[in-house]
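**Q** Use these hints to put chain H onto chain W, whose structure you have.
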Amino acid sequence: MKKVHASAKDALAGVLRDGMTIMAGGFGLCGIPGVLIEAVRDSGVKDLTVISNNAGIDGVGLGMLLETRQIRKMISSYVGENKTFAQQFLAGELELEFNPQGTLAERIRAGGAGIPAFFTKTGVGTLIAEGKEVREFDGHEYVMERGLFADLALVHAWKGDTEGNLVYRKTARNFNPMMASAATVTVAQVEHLVEPGEIDPDHIITPGIFVKRIVHVPNVEKRIEQRTVRPKTAA
Amino acid sequence: MAWTRDQMAARAAKELRDGFYVNLGIGIPTLVSNYIPEGMSVQLQSENGMLGMGPFPYEGEEDPDLINAGKQTITQLPMTSYFSSADSFAMIRGGHIDLSILGAMQVAQNGDLANWMIPGKMVKGMGGAMDLVAGVKKVVVVMEHVAKGKDGSEQPKLLKACDLPLTGTRVVDLVITDLGVFSIDREGDGGMTLIELASGVTEEEIRAKTEADYKVALA
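Going down the list, the protein sequences come from chains W and H.
Under the numbering used here, the residues of the first sequence are numbered 1 to 235, in order.
Under the numbering used here, the residues of the second sequence are numbered 1 to 219, in order.
Isolated chain H, as found in the complex:
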């Protein structure tokens, strides 16, 4: 039994700390906002120019001037502030955001990340991903452990080296997949370490679906 999308989000939420300013990417990372522990003060940053992002509005209360980075309608909170894109990325690039949780196509054992383009396919752009991984203090990737092809084939996404164009080099600190959790010593030469297994997942299953080299240090 691998983790569901919600279980992966709940695991990612364990990386939150009281007082953190956090940027959440699109997809599973967005779900992390549902698992902020009660009593913990965490402010969500939206890179289009908002700190203190609130939940989706009630029907009929949508405001076209109030959207998140995924262009979804949202709401403000009492502590909300608005600012320009330049100020927003000053927060990001300047190292003022504590945690970035985002998706990935590939992660390498040294912390390299690829999540913005597949050559030969229509490329939509990197948006703020390159800035986030370059500037945020801690970068957590949440993704499926393998990429599933239309024919049912499975391609590993945790690799010795990424073969897709990079979003950043040596930027990922932690990878949460549906099968387990890996830490990466991106500053040093410590490489990648498997630190947790999802419920019912074996080390053997992970080994079969992982190309990257990694150590095992299960808690």
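If we strip away everything but chain W, and leave its shape as in the complex, we get:
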């Protein structure tokens, strides 16, 4: 079975449909599957529920799908500096479910591991716990959160082999490994595509079993959201 596809469009062929749930990796613009998101946009699929920590920025990352109004609902922890998002949300055109970031990460991890629900201290006594079961363990209260599983996960990796084994780079890892495990179909865009054996098996973060399709994206554009530097002081 061949996992490598020639283009993002090919890699998504046959899996996109209106109303589906899609997970997209990334934190801010770091480690986002931008080429795959662009292919989702070009497909015209709509009424999407998208699970992603952020919603990109205007016109970049998931911001692309907001501009084309292909997203019906977002499940996120922080929607930050995104005017399109704010406009659509305030106009009632976009549904939004806020999850604490750690709860979101764990819901995805649990979903991928076949765990339907778990208890966490995060959010007890806040709006987040409303309508959810609260149970006491060892004298402390915990709120029940459900695992998340999507129809499709889009992830970005630094390096992948043709079997779908993935390695991430620095903080571009973030939500990508959990999402890779938590969907019926996972498609990975990789900056470097190599043959099996070229990645040290001890260094593989996402084993290929989680990845159904791969597309090579050499020289992908990676944007910086907040460029912060320090001056070079003379010695």
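In short, the hints are calculated from the structure, not lab data.
C-beta atoms are modelled at their ideal positions from N, C-alpha and C, and glycine is treated no differently.
It is possible that some hints are incorrect.
Claimed, not checked - Covered stretches of chain W, as calculated for chain H (at least 3 residues, CB under 8 Å):
id: 1; segment: 11-22
id: 2; segment: 70-82
id: 3; segment: 170-176
id: 4; segment: 218-226
As the list claims (entries may be wrong) - Label-pair distances were calculated between CB atoms; the ranges are:
id: 5; chain 1: H; residue 1: 18; chain 2: W; residue 2: 58; range: 41 to 51 Å
id: 6; chain 1: H; residue 1: 148; chain 2: W; residue 2: 202; range: 48 to 58 Å
id: 7; chain 1: W; residue 1: 232; chain 2: H; residue 2: 160; range: 43 to 53 Å
id: 8; chain 1: W; residue 1: 95; chain 2: H; residue 2: 103; range: 21 to 31 Å
id: 9; chain 1: H; residue 1: 121; chain 2: W; residue 2: 44; range: 13 to 23 Å
id: 10; chain 1: W; residue 1: 44; chain 2: H; residue 2: 160; range: 51 to 61 Å
id: 11; chain 1: W; residue 1: 140; chain 2: H; residue 2: 18; range: 24 to 34 Å
id: 12; chain 1: W; residue 1: 207; chain 2: H; residue 2: 59; range: 48 to 58 Å
id: 13; chain 1: W; residue 1: 196; chain 2: H; residue 2: 121; range: 47 to 57 Å
**A** The following block gives chain H in isolation, referenced to the frame of chain W:
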């Protein structure tokens, strides 16, 4: 004379101990990294998946794959490790992080914290704040003592009870404002205690700008 942002950060840095793993929030808390005492080993955690956060890069050395939770470009250090968001919050939720320093809109005398939403305004989200206050061993809030309105009016932020939606209940251990420092007995019923005054600030000024009930035990 109230404390400046840097003086508040320097005061917060006194809560650091050798060997601590620390998460710093956005704004004044970020400045705390400038006041880590020399010779003290403190590792900064960034909840997007990094332990051992280094300073901003030199111009031209920015790496889009290396950012902090505020999406700012940063650098790595020899002891740096990278991990997924699930591992990151396992550290946070599992009680492995020693200290969280973050900002606040309101703090109540029982340790309740509100810092993520104002109803009716565009809400950006809580990010990792709810997880941090629920799981980190010690939570320090650094904030202005009062909220200043556009008309120059001042609203107290240290309250008997928060009226904004909560980030966590009974989670704050220490509050550092531009006027002084308060400890909170969040586990017991000891309430809030004023333990330090900023240079040149009087107890009377603090009393006038604080709604919460508190005891005074100045060192």
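**Q** Check each numbered hint against the structure and report the violated ones by number, ascending.
**A** Numbers 1, 9, 12 - these are the hints that the structure violates, sorted from lowest upward.
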